[in-house]
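Novice: From just these sequences and the hints, can you work out the full model?
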Amino acid sequence: MSFLKKWKEKFTSKEKQEEVSGKYKEGLSKTRKSFSEKINDLVARYRKVDEEFFEDLEEILISADVGVSTVMELIEELEMEVKRRNIKDTSEVKQVISEKLVEIYQGDDDGDENISLNIQADELTVILFVGVNGVGKTTTIGKLAHQLKSEGKEVLLTAGDTFRAGAIEQLNEWGKRVGVDVIKHSEGSDPAAVIYDGIRAAKSRNVDVLLCDTAGRLQNKVNLMNELAKVKRVIEREIPNAPHEVLLVLDATTGQNALSQAKTFAQATDVSGIVLTKLDGTAKGGIVLAIRNELGIPVKLVGLGEKVTDLEPFDAHAFVYGLFADILEEE
Amino acid sequence: MAFEGLADRLQSTIQKIKGKGKVTEQDVKEMTREVRLALLEADVNFKVVKDFVKKIKERAVGQEVMESLTPGQQVIKVVKEELTALMGGDESKIAVADRPPTVIMMVGLQGAGKTTTSGKLANLLRKKYNRKPLLVAADVYRPAAIDQLETLGKQLNMPVYSEGTEANPVDIANKAVKYAKQEHLDYVLIDTAGRLHVDNDLMDELIQIKNNVNPDEIFLVVDSMTGQDAVNVAESFNEQLDVTGVVLTKLDGDTRGGAALSIKAVTDKPIKFTGMGEKLDQLEVFHPERMASRILGMGDVLSLIEKAQENVDEKRAKELEEKMRSASFTFDDFLEQMDQVKNMGPLDELMDMIPGANKMKGLKNVDFDEKQIAHVEAIIQSMTAKERQDPSLMNASRKKRIAKGSGRSVSEVNRLLKQFDEMKKMMKQMTNMQQGKKGKKNKKMKGFNFPFM
Ligand SMILES: Nc1nc2c(ncn2[C@@H]2O[C@H](COP(=O)(O)OP(=O)(O)O)[C@@H](O)[C@H]2O)c(=O)[nH]1
Ligand SMILES: Nc1nc2c(ncn2[C@@H]2O[C@H](COP(=O)(O)OP(=O)(O)O)[C@@H](O)[C@H]2O)c(=O)[nH]1
Ligand SMILES: [Mg+2]
Ligand SMILES: [Mg+2]
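Protein sequence lines, in the order shown, are assigned to chains A and B. Per my numbering, the first sequence starts with residue 58, numbered consecutively. Per my numbering, the second sequence starts with residue 544, numbered consecutively.
The hints are simulated quantities; they were obtained by calculation from the structure and are not laboratory data. Treat the hints with caution; some may be incorrect.
What the hints assert, rightly or not - The calculated DSSO-like cross-link candidates involving lysine-lysine, where the alpha carbons are at most 30 Å apart (straight line), are: (1) LYS967/B <-> LYS947/B; (2) LYS287/A <-> LYS822/B; (3) LYS590/B <-> LYS320/A; (4) LYS697/B <-> LYS278/A.
Specialist: In structure tokens:
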């Protein structure tokens, strides 16, 4: 029996209805503490750590967009470790595997990292949203505005996407929906100028958090990346230590290109965190592991739908678990 | 970017086996391993890769590769042939209904580019086919989606049918078709809301629209940056709607776009167009061959390899390469070389295909004008056999004689001699590079092997 089947069996038991409901969302809170246990149980269910096992593991991770090099590295390390320790006993194997699996998302540091947003206590917080086209920047701003507002914060939005048809109206619509004001210029105007106005307005109105939308741009467009760097400089100039967060929005459906997005956007704007959207679909967004590994940028928020409430803090345990969940159900 | 890819890595694999004189099955295995990695890195779905690599292996252990003098290039060629075949032919045709209007539905995930592509298609239909399209705003869910389409309509000066966000998308579609008939508009482009393929309610809405308006085309719009999930999305949309074609967007980015292969493999529906930017004229016909090269990460180098292989006698090419290396390259060789190169097609076109070639020092001094080449031939043909073998014999009286014999001026003869000398130096440089000197600049040139250079 293959590794997958065994794993699947494990989860299709009574546990499945409760925990592997297929929805990452439910998984988010429920699977947290038992993740390591599950890996352990799982590993205990196969007898041999053979080639087939490693192949299965490789496929699971690749199909979750974790990325070939990250996966190869992991598998290699696993194989080496198993050899090095001359492991025969299954209980020892499970030790190694759970160690490594946890390592791929946590790195070497053990503790959970702080993924909360850097919101200032008594002064204006500016958050800049960046990313390629259609990933969910505007939508995330709407959702985050709602969340912050319900925490009692005074929120203001700035329509920095002056390029895409209907982008200003879209943000404006979100503003209405959530009940916060939107600073906007007309289509085609200079994005840096709108952001500047946004900051001025935020200061004079004593706003707590200013959320700045920008136009989507592919990272290989040098001019557009320069434009974005300029927007950031305007913010820096107006407020010391701002922007307090630069959030790169990534679509979970994206494959290996997301790594290139993260690299280039980080260079241009010093990205402080990632919002991983569209995790309500069947894509797993595994590429954020490579991004975390290579660039050290943490995922802070996840988008789980188009509704105003579909935004959650990132849960690394649940996320890694989610990488495997669907396959368990398919088998 | 163009050179960091399969070509590069295969080259290093080949470097390892070069001394062995023969390619073994193990070598092929190593090479196909590289192919597998390249495809996975390009986001081709792992199941699709599996099948594909199996096919490649079968062909690669066959004679055509094993007995080739350039097995690495042969492997690439085989891979590309199979890839291109898998992706199908150029198919940019759009259906025309027997009785107008022709109805086209745009479907896909959120943010894929449906609305933008609707605008682009409408633009194309009017510009290229002289049609009168109607854009239909059937996305009532995404905030300001209707504004977006209406703005595009304004930019294009084209009618947009909308009923606001309260209406039902099925009704909107129905009424839009009626409206088009009444207004004698001959294409109806229905821009639907983005939705997840697993969202049953919303997928059902699309099925209802389909059943109501009987579209002539259903285009699945897919973001070319999509990863492994592309198969699930494409398979599911296709199963539920039986799409007629695919549009791949955002190919102006730097993604390899392996999703294209996955989608084609699971749906067997033609990829018809590619989105190459945000502007409304940035829609292009899909070229399977280019896509294959892109997925492998090799720019147009592949077509160059192909051309070279079709027209250059491999064995002779090897000998010439050897000569270049040892600097015993003569005017006779040069003549022969020019012949082979000429068979490959217009020279400037060939040069264009070599990324970075225009930046190479020395290359810009070499004249690739076709007329010029005829002159060069005439000059060389006026040389004696000895002169051709040993240009150092040249003196003023010989040059005068050659100029007279070829009907060119002495200064032209001088220029050719100088160019030949430069070219020899350059060849040496380049063959040295190929031998694997690492370095920033050299790296660019790794991976090809062209005797005419
Ligand atoms: N299913 C789903 N759709 C989303 C999510 N976030 C955004 N979207 C949709 O993705 C599309 C593009 O979002 P938008 O905010 O306009 O992207 P932007 O171009 O980056 O500003 C819209 O149709 C959104 O409704 C999410 O978390 N899940
Ligand atoms: N660079 C680039 N951007 C594109 C292309 N097609 C669409 N977009 C952008 O992708 C985003 C989403 O497009 P949209 O048409 O709204 O997607 P929809 O949600 O599927 O209707 C917008 O910012 C578009 O400008 C393309 O081919 N290239
Ligand atoms: Mg936006
Ligand atoms: Mg749309």
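Novice: Decide, hint by hint, whether the structure agrees.
Specialist: Outcome of the hint check:
no., hint, verdict
1, LYS967/B <-> LYS947/B, "26 Å, holds"
2, LYS287/A <-> LYS822/B, "23 Å, holds"
3, LYS590/B <-> LYS320/A, "28 Å, holds"
4, LYS697/B <-> LYS278/A, "27 Å, holds"
Hint violations for this structure: none, all hints satisfied.
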